[in-house]
Amino acid sequence: MEPVVSLKHLLFTRGSFRLSIESLELVPKKVYALTGANGAGKSTLLRIMALLINPQRGVVQFPGITTGDADHLRRQVTYVEQSPYLFQGTVSDNLAFGLKLRGVARQEQIRRISLTLSIVGLEGFEQRKAKELSCGETQRVALARALVFKPDLLLLDEPTANIDVNSRPAFEGLLARLPKYGVTVVFSTHDRFQAQRIGAELLCIRDGMLQAQDTLCLF
Amino acid sequence: MNYLSDSLLAAVVLIFSFNREVQLAVWTSLYTATVAIIVAAVFGVPVGLWLGLKRFRGRRLLITLLNTLMAMPTVVIGLVLFGLFSRQGPLGEFGLLFTPIAMIAGQTVLAIPIVANYVLACVNGADQRVIDTARTLGATQFQASIQLIKEIRFGVMAALIAGFGRVIGEVGVAMMLGGNIRGSTRTMTTAIALETSKGEFVFGLSLGIVLLCVALIVNLFLNMLQQR
Amino acid sequence: MLRLFSILLAVVFMCGLFSPVVAAERLRLATTTSTEASGLLAELLPPFEQANDCKVDVIAVGTGKALKLGESGDVDVVLVHARSLEDQFMAHGYGSDRRDVMYNDFVLLGPPHDPAEALGTNDLVEVMSKIANSKVSFISRGDESGTHVRELQLWQAAGLVPQGSWYLEAGRGMGEVIIMANERQGYTLSDRGTYLAFKDKVDLKMVFAGDQRLFNPYGVIMVNPARHPHVKQDLARKFLDFLTSEEGQGLINGFQMAGEQLFYTQ
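Residue numbers (this note's numbering), protein chains in the order written: chain V, 1 to 219; chain P, 1 to 228; chain F, 1 to 266.
If you're looking for bench data, these hints aren't it; they were derived computationally from the structure. Please note that a few of the clues may not be correct.
[Unchecked claim] With a straight-line Cα cutoff of 16 Å, these simulated EDC-like cross-link-like pairs (lysine to aspartate or glutamate) come out: (1) F:K232 x P:D6; (2) P:K54 x P:E21; (3) P:K150 x V:E137; (4) V:K131 x P:D127; (5) F:K199 x F:E183; (6) F:K238 x F:E25; (7) F:K201 x P:D127; (8) F:K201 x P:E195; (9) F:K199 x P:E21; (10) F:K135 x F:D105; (11) F:K201 x P:E93; (12) F:K238 x F:E49.
[As the list claims (entries may be wrong)] Partner residues are not named here, just some residues of chain P that face chain V (Cβ under 8 Å, in silico): (13) S17; (14) N19; (15) R20; (16) E21; (17) Q23; (18) G125; (19) D127; (20) D132; (21) R135.
If you're wondering where the values come from, they're calculated on a predicted model, not measured in any experiment. Every residue gets a Cβ at the ideal spot worked out from N, C-alpha and C, and that includes glycine.
Extracted from the complex, chain V is given alone in its bound form:
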């Protein structure tokens, strides 16, 4: 099976910070958990894969997705920040943003928005004002906004950091179900046990390097 994304000979430096990845391939419809200490480069790696920043050296390829320029690829790769920004307007406006860019018809937009909101557990939130949501709701709307256009690769930066402890199990369950919808997920986390609960494959960054996948990741 062709990998969704493959990184080769990657080097990114900024000041004393250094991230170097010789080779990494992610297979489709799996969940990956990116772990590592604070400042290890989890967010940087996610942002590189999201094509938001360019590495000094090396290539990021998406063999399993379409070919084409970065603007094309961006349509299939999406990234949700740790504290996501919601656009002004309603929840529905936010979800419609990606759909409009992809030329989805109005009726289909409404159907998919309602479906995706129910997947993240926010049925009937369409007309709520985005700026008036709680932290957890904001996080889930951001996730729905990314899911609604069916990306191939979904990158999440500490998605559970802003979700209260009681809602976490539901959210983790949701992450675990995502591959069913055809999505490959990479999320960063501090919590190794969370990765186990979700059944995610561990990717561990230490000393600016990706540790061998079979070694025990300690930090």
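For chain V, the structure is supplied; the task is to place chains P and F on it using the hints.
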């Protein structure tokens, strides 16, 4: 001194008498300022966005230049464009001097730095995540910029209102490039200047009050739009 | 946002609909503030505009600037009052036709208590010397207008070079200068028309008038089409003809302000 109260009274009379000359002057002011501000938005908003989003060598210098342009006296803008539009100037063959088009051009030049500066301030004040968020959802750089404008639309609106206020209230450009021609390029401000030079202070001041009322109505209207 | 934009567009569209209907042809006339502000042109132009189905765009500035506009070809006709400058203009070939239209006169204005004791003096040169010697403020137009040019000629005739803290060059129009003279309670030179318009608004009186050297003739000049081919020469010539015709001259003689005739024809 009952000079001010006389003016107030005269203004009320003027507004309700529907004097044709005054109507025309109000109309010319509104029409030229509106067109000028739309054109200024077309140029000023992208400039403000560009300076706010891109980081490049010479950016700070450009911003300083833009701030300086805001301080440019209207008469200087008038002089430069006068030289451009005069029959002796490079654009002379079009015969634009002393037409509303020349006035609109001058007012546009006047408004662009204001609009650009306000938009720049808005972009700097906007949430830094807007562009990245739009990009990760599949937007091109251009589409992301459009989304940013939507997010800061109140600020952009304020920029246009500020520019409009400056343009409708200025007299230098309108006088030099328009020529204060009755029924053609006579705006409220040049009419006020004329009445003052004729010693008709009360009439001039009452025209000023009319101008204020017009500006108030325009701002109320724009405010109403923002509420929606 | 889109709605807002469409509303703005609609406004602009309406602008186009309601903007005054453009007349078939426009004649550009640069003239002095005295003819426009006195209301003479409002009497004089409509009959001409009707007869020729045109619109005369009046740009009211000082004589110096009016001639400059003619020189650069930004207007078709100039109506001014500074014979020396007009002759220069013609000599340089900027104008193709010049005609005398009318005249009025200049008057010297001063404060009612007349500190320079100008009143009662019969000789213009003496009046100018008295004003200069009294060191009471004199407000000069200082803007190369016809009035300014004349004022300088008067000082020259009196063999004086006006300078010092009493001599104020305002650089403004006639009306503003009269108001300044009033506020400073000083002297100034004004055309009779503007003075009449301001008579009731200021506390100034006429201290000298009636000298030959205060004679103020107005001339109309057609900008030379050989230099500026875009000049509307047919219409401009018609305008010159109209001003010097019986009808035009009659209108000028009949024009009154505050019960007084302002302009006279030859």
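Evaluation of the provided hints:
1. F:K232 x P:D6: 45 Å, violated
2. P:K54 x P:E21: 48 Å, violated
3. P:K150 x V:E137: 23 Å, violated
4. V:K131 x P:D127: 13 Å, holds
5. F:K199 x F:E183: Holds - the C-alpha atoms of E183 (chain F) and K199 (chain F) are around 14 Å apart, at most 16 Å.
6. F:K238 x F:E25: 13 Å, holds
7. F:K201 x P:D127: Not satisfied, since the Cα-Cα distance of roughly 59 Å exceeds 16 Å.
8. F:K201 x P:E195: Cα-Cα ~13 Å, so holds.
9. F:K199 x P:E21: Since the Cα atoms of K199 (chain F) and E21 (chain P) sit roughly 25 Å apart, the hinted pair is violated (cutoff 16 Å).
10. F:K135 x F:D105: At roughly 25 Å apart (the allowed maximum being 16 Å), D105 (chain F) and K135 (chain F) break the hint.
11. F:K201 x P:E93: Outside the cut-off at roughly 45 Å; violated.
12. F:K238 x F:E49: With a Cα-Cα distance of about 11 Å, the restraint between K238 (chain F) and E49 (chain F) holds, given a limit of 16 Å.
13. S17: 45 Å, violated
14. N19: 45 Å, violated
15. R20: 45 Å, violated
16. E21: At 45 Å from the nearest chain V Cβ, E21 (chain P) fails the 8 Å test, so the hint is violated.
17. Q23: Q23 (chain P) check fails; min Cβ-Cβ to chain V is 40 Å, beyond 8 Å.
18. G125: 14 Å, violated
19. D127: Holds. Min distance 6 Å.
20. D132: For D132 (chain P), the interface hint holds, since the closest Cβ of chain V sits about 6 Å away, which is under 8 Å.
21. R135: Holds. Min distance 6 Å.
Checked against the numbered hints listed earlier, the structure breaks hints 1, 2, 3, 7, 9, 10, 11, 13, 14, 15, 16, 17 and 18; every other hint is satisfied.
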